[in-house]
Each structure stands twice: as C-alpha cells, then as structure tokens.
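Participant: Below, each chain spelled out in residue letters.
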Amino acid sequence: LAKTTQPISMDSYEGQEVNITCSHNNIATNDYITWYQQFPSQGPRFIIQGYKTKVTNEVASLFIPADRKSSTLSLPRVSLSDTAVYYCLVGEEGSGGYNKLIFGAGTRLAVHP
Amino acid sequence: ETGVTQTPRHLVMGMTNKKSLKCEQHLGHNAMYWYKQSAKKPLELMFVYNFKEQTENNSVPSRFSPECPNSSHLFLHLHTLQPEDSALYLCASSQNPSDPSYEQYFGPGTRLTVT
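Chains as they are written, first to last, in the numbering used here: chain A, 208 to 320; chain B, 101 to 215.
Hints may be right or wrong, so weigh each one.
Some chain A residues judged to face chain B by a derived CB distance under 7 Å, without partners named [to be verified]:
1. 238
2. 250
3. 251
4. 253
5. 254
6. 268
7. 270
8. 296
9. 298
10. 308
11. 310
12. 312
13. 313
Heads up, simulated SDA-like pairs for lysine to any residue below, C-alpha to C-alpha not over 20 Å straight-line [unchecked claim]:
14. 152(B) / 111(B)
15. 119(B) / 188(B)
16. 141(B) / 212(A)
17. 141(B) / 249(A)
18. 136(B) / 292(A)
Hints in this document: simulated from the structure, not taken from any laboratory.
Note that the structure is a prediction, hence the values are computed from the model and not measured.
C-beta atoms are modelled at their ideal positions from N, C-alpha and C, and glycine is treated no differently.
Just need the whole structure built from these sequences, with the hints factored in.
Facilitator: This is the structure we're talking about:
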C-alpha cells in the first residue's frame, strides 16, 4: 500500500525559512508531486507542483531528488499568515486507467512572532 | 472564491435523518471529488467522478450515496449516519481525474454534525 509520510507539526519564527519533507515511496512513474495549503474552515489550495529537480514560484520552492521518493517544500522568510496545514499529494499506480490520489497526513506549521 | 461552491456550509442531523450535500463548480472541469476530513485525521478521498461517471469509490459505507447528474454538479446523499461520520466534507474539481498534475480546486466544505 502507498504510504505518504510528513511530520505532524513544525514550529518556526517570522522571517525564517521552513522546509517540510514528504516521503512517498510508491509514487507513480509519470505523476507530479503537488503541495497544498489549508487554513482553518477552508478547503486546501494549491501552492506548487513539480516532477523532478527544483521548481520555484512566487510563494515557495519544491525540491525533488532523482529517485522522486520524497519532496521538500521550502517556504522562504515565513510570516504569521503562513500558519496553516501543508499537504503533499502524489499519485500511485492504480487500475482502470486512473491513478490513485494519495494525500499526506498534513504538517501543521505554526509561525511565531 | 475558488469557483467551487458547497451548500449548506453547516449541517446538524440526527441519525435517522436523510439529507444531501450539494457541490457546484463553475470552472468547466471534468472531474469532481468528495473528501472527508475528520479532526486530527488526513484528508480521505471518498468518491471520484469523471464526466459524470464514477471512477473511484474508496470503500465508503453505503449510507453515503453520491450523485453526479452532470460535470458541474455533485451531490452526496446521507442517510442513517453515525456520530463518527461527523466531519468536514470537502468537494473539489479538476480538469483531469486522479492526476495530481492537474490542480484541484476545493470548495469551503460542509461542516456536518451527526447527533
């Protein structure tokens, strides 16, 4: 069975860089790795995705090693508003032509003043 | 606003009631999803629909019955629920089902309490 593992929680301070790693041993060969952010009482929203190496956008960077069995979300210079739960999402080889979506358990990030 | 709406936002129902959750997406997507999010547990994918056809049912009890009349609307019919079914039920849509490379757009969720 697929197992997607992330730390349950992390603490940081404003202005620091935060790195959250997700392990995904059974990732499907052709699938991307996607990260989502969720605030209380809201649905998750897309942050960043990548297939391999490094991807950067205006809010985060994503580092993916060659074996793709893990990925690291990097949030530069966090602020209080980055306090949220962060999920990784990968696809696992499925049946019937569709891969199975596997969300991580989520990492609860608390940013302190 | 993500383009995915859910109603009602909050629902309290007894174990013998029948109720329905509604989801609507205005994004022209082909795939729609129901997720369950319980306190201190990860997101659980319940059902996936592609062009109105159910492509995934993750061993969900029959007291949850999905309906997808068209690719813009998704319902979750509830009957004889249990207190442990209390959770946040999230709807999402994407262009392509079961492919994480296609961004999923989530609705705000329905907070369900079963008494």
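Participant: Could you run down the list of hints and mark each one as holding or not?
Facilitator: Structure-based check of all given hints:
1. Look at residue 238(A): its Cβ gets to within about 6 Å of chain B, closer than 7 Å, so that hint holds up.
2. Interface hint at residue 250(A): satisfied, since its Cβ lies 3 Å from the closest Cβ of chain B, which is below the 7 Å cut-off.
3. Hint on residue 251(A) holds. Least Cβ distance to chain B is approximately 5 Å, under the 7 Å limit.
4. Taking 7 Å as the C-beta cut-off, the interface hint given for residue 253(A) holds, the closest approach to chain B being about 4 Å.
5. Taken as an interface hint, residue 254(A) does not check out: its beta carbon lies about 10 Å from the nearest beta carbon of chain B, beyond 7 Å.
6. Contact between residue 268(A) and chain B, as hinted, is not supported at the beta carbon level, the nearest pair being about 18 Å apart and thus beyond 7 Å.
7. Below 7 Å, beta-carbon pairs count as interface contacts, and residue 270(A) has none with chain B, the closest being about 17 Å; its hint is therefore violated.
8. Proximity of residue 296(A) to chain B holds as hinted, the smallest CB-CB distance being about 5 Å (cut-off 7 Å).
9. This hint holds: residue 298(A) has a C-beta 5 Å from the nearest C-beta of chain B, less than the 7 Å allowed.
10. With a cut of 7 Å, the hint placing residue 308(A) at the interface with chain B holds, because the nearest CB-to-CB distance is about 6 Å.
11. Because the beta carbon of residue 310(A) sits about 4 Å from the nearest beta carbon in chain B, less than 7 Å, this interface hint is met.
12. Among the interface hints, the one on residue 312(A) holds; its C-beta lies about 4 Å from the nearest C-beta in chain B, closer than the 7 Å criterion.
13. Hint on residue 313(A) holds. Least Cβ distance to chain B is approximately 6 Å, under the 7 Å limit.
14. Straight-line distance between C-alpha atoms of residue 152(B) and residue 111(B) comes to about 26 Å, which puts the hinted pair past the 20 Å bound.
15. Straight-line distance between C-alpha atoms of residue 119(B) and residue 188(B) comes to about 15 Å, which keeps the hinted pair within the 20 Å bound.
16. The hinted pair formed by residue 141(B) and residue 212(A) meets the criterion: a straight-line CA distance of about 13 Å does not exceed 20 Å.
17. With a C-alpha separation of about 16 Å, the suggested pairing of residue 141(B) with residue 249(A) holds against the 20 Å cut-off.
18. As the CA atoms of residue 136(B) and residue 292(A) are separated by approximately 16 Å, the hinted pair is consistent with the 20 Å bound.
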